[in-house]
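Asker: Listed here are the chains, written in short residue letters.
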Amino acid sequence: MRRRALAFALVAAAFAWPGAQAQTGTADGIAQYRALLADGNPAELWEAKGELLWKQKRGPKNVSLEGCDLGQGAGVVKGAFVELPRYFADTKRVQDLESRLLSCMEAQQGFNAAEIAATPFGRGEQLNLEALVAYVSAASRGMKFRLPQARAEERQMFEAGKRIFYFRAGPYDFSCASCHGEAGKRIRLQELPDLTRNPGDGVGYAAWPAYRLSSGELWGMQRRLNDCYRQQRFPFPGYASDATIALATFMGVKSQGSVSIAPSIKR
Amino acid sequence: MKTTRTTSLAIAALLAGCATAPMTPPELDQLTQGIMKASFREQGIATLDRLAQDELQQACSGEKPPSDAVAKRLEAAQLASVRWPADDVYLGDWREGEKLAQNGRGMTWSDPAGVPSGGNCYNCHQLAKAEISFGTIGPSLYQYGRLRGVSDPAAPASREMLRYTWGKLWNAKATNACSNMPRFGHAGVLSAGQIRDLMALLLDPASPVNAP
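Line by line, the protein sequences give chains A and B. Read in order, the letters of the first sequence are residues 1 to 267 in my numbering. Read in order, the letters of the second sequence are residues 268 to 479 in my numbering.
Any given hint might turn out to be false.
[What the hints assert, rightly or not] Simulated crosslink set (DSS-like; lysine-lysine; CA at most 27 Å straight-line):
#1 Lys61(A) x Lys49(A)
#2 Lys92(A) x Lys396(B)
#3 Lys304(B) x Lys185(A)
[Claimed, not checked] Far from chain A, by Cβ distances over 12 Å, these chain B residues were calculated:
#4 Gly301
#5 Leu318
#6 Trp351
#7 Tyr431
Simulated from the structure, these hints should not be mistaken for lab results. None of these values were measured; they are calculated from a predicted model. Backbone N, C-alpha and C define an ideal beta-carbon position, used for all residues, glycine too.
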């Protein structure tokens, strides 16, 4: 099934890739290419794997994740994603989906969260996390973001996220805002969402996690932010670190009311 | 009784206020610094000292740009530090410049140490007409030299434009304090020789950027 989806995507790419068209036709060509891709999104395979992993007894304690509270009560998956990051009383932290899954995997299944956080993307338990974020985010597909900001901790994370978003440093002087601070801009042909305001349904924050056609991988927001920081020429942000959660809170609150299409498909 | 009720409500509100008193901006700055410090680690050539901001980076990290007075002062300091080309040679080879303009590699944690960086130009600018995959964060530089009347880069009349362009490439902040463009010479991203080649791409009448 995966092979079929990929073959279809490649055929679509061959038809729709703009090649030497004039600039005016380029954006249309890319939009058409993306629309064709969305028709056979291989993220479904990660969603299915994630559902199995959620229900499967695993880890040193041999229990499932069905007792995991993602913010809507133990085991409730639907609607959880569009209200994250949020504050959790048991960990006394504001957590995004990936950070929260790690907490559950440690507290309930007996995994070592620090060890998993230090595992490179695309290996070991990180592969299972990809599937889990696909499953959990898919259960909120079509729902609108409504991150809670009632608690002081949640508002503080938003304020910290805003400061981190505009933080310029490194040999290139880049911040998140260098690429995502204005509407209608591109890097090469890649359109850039303006993340300082609400970029709209299924755009920016509302498009991740996503299946990446170029690498054949499912990327969660953690991996997306990690690669942004790589290209910002920054040092390496820790997996599920507070800086990444603060940024997610900032982007998520800016996207309040937008419809999540995650897991989406990207080039 | 009404007074008592009002008083107790006021106290409750005060207590609630104490419990959830919003942090002041300096407290939030401090919280953010702590988060940044705890969240990043060194990887490959991307060392933690990259998070230490210089004065300009700090001034340009707000939601709003600094005041005109601050921006002017920062620009003057950046301009004073520009290193002008040795022997007054401003232009190199536009062919090498085009390769650099296409090249977006360098300085990430996945890049090996010691490999020269590219110029990243097409990521943000239009240059030669043949390259349709260009970004739009910066202005179009197609016809850069022609539009600025540089028909003979060696002519004295061209000198001012050569110096202005060199200044932009060496340190874009010398003329625009919070420009999105990296300070290629200042930050040691590109060598003087590489900047000469980019100068040629922009200003040599034979460069495809200036093709009629």
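Asker: If a hint holds in the structure, say so; if it doesn't, say that too.
Answerer: Hint check:
{"no.": "1", "hint": "Lys61(A) x Lys49(A)", "in the structure": "holds, 21 Å"}
{"no.": "2", "hint": "Lys92(A) x Lys396(B)", "in the structure": "violated, 56 Å"}
{"no.": "3", "hint": "Lys304(B) x Lys185(A)", "in the structure": "violated, 31 Å"}
{"no.": "4", "hint": "Gly301", "in the structure": "violated, 9 Å"}
{"no.": "5", "hint": "Leu318", "in the structure": "violated, 5 Å"}
{"no.": "6", "hint": "Trp351", "in the structure": "holds, 21 Å"}
{"no.": "7", "hint": "Tyr431", "in the structure": "holds, 20 Å"}
Violated hints, listed in ascending order, are 2, 3, 4, 5; each of the other numbered hints is respected by the structure.
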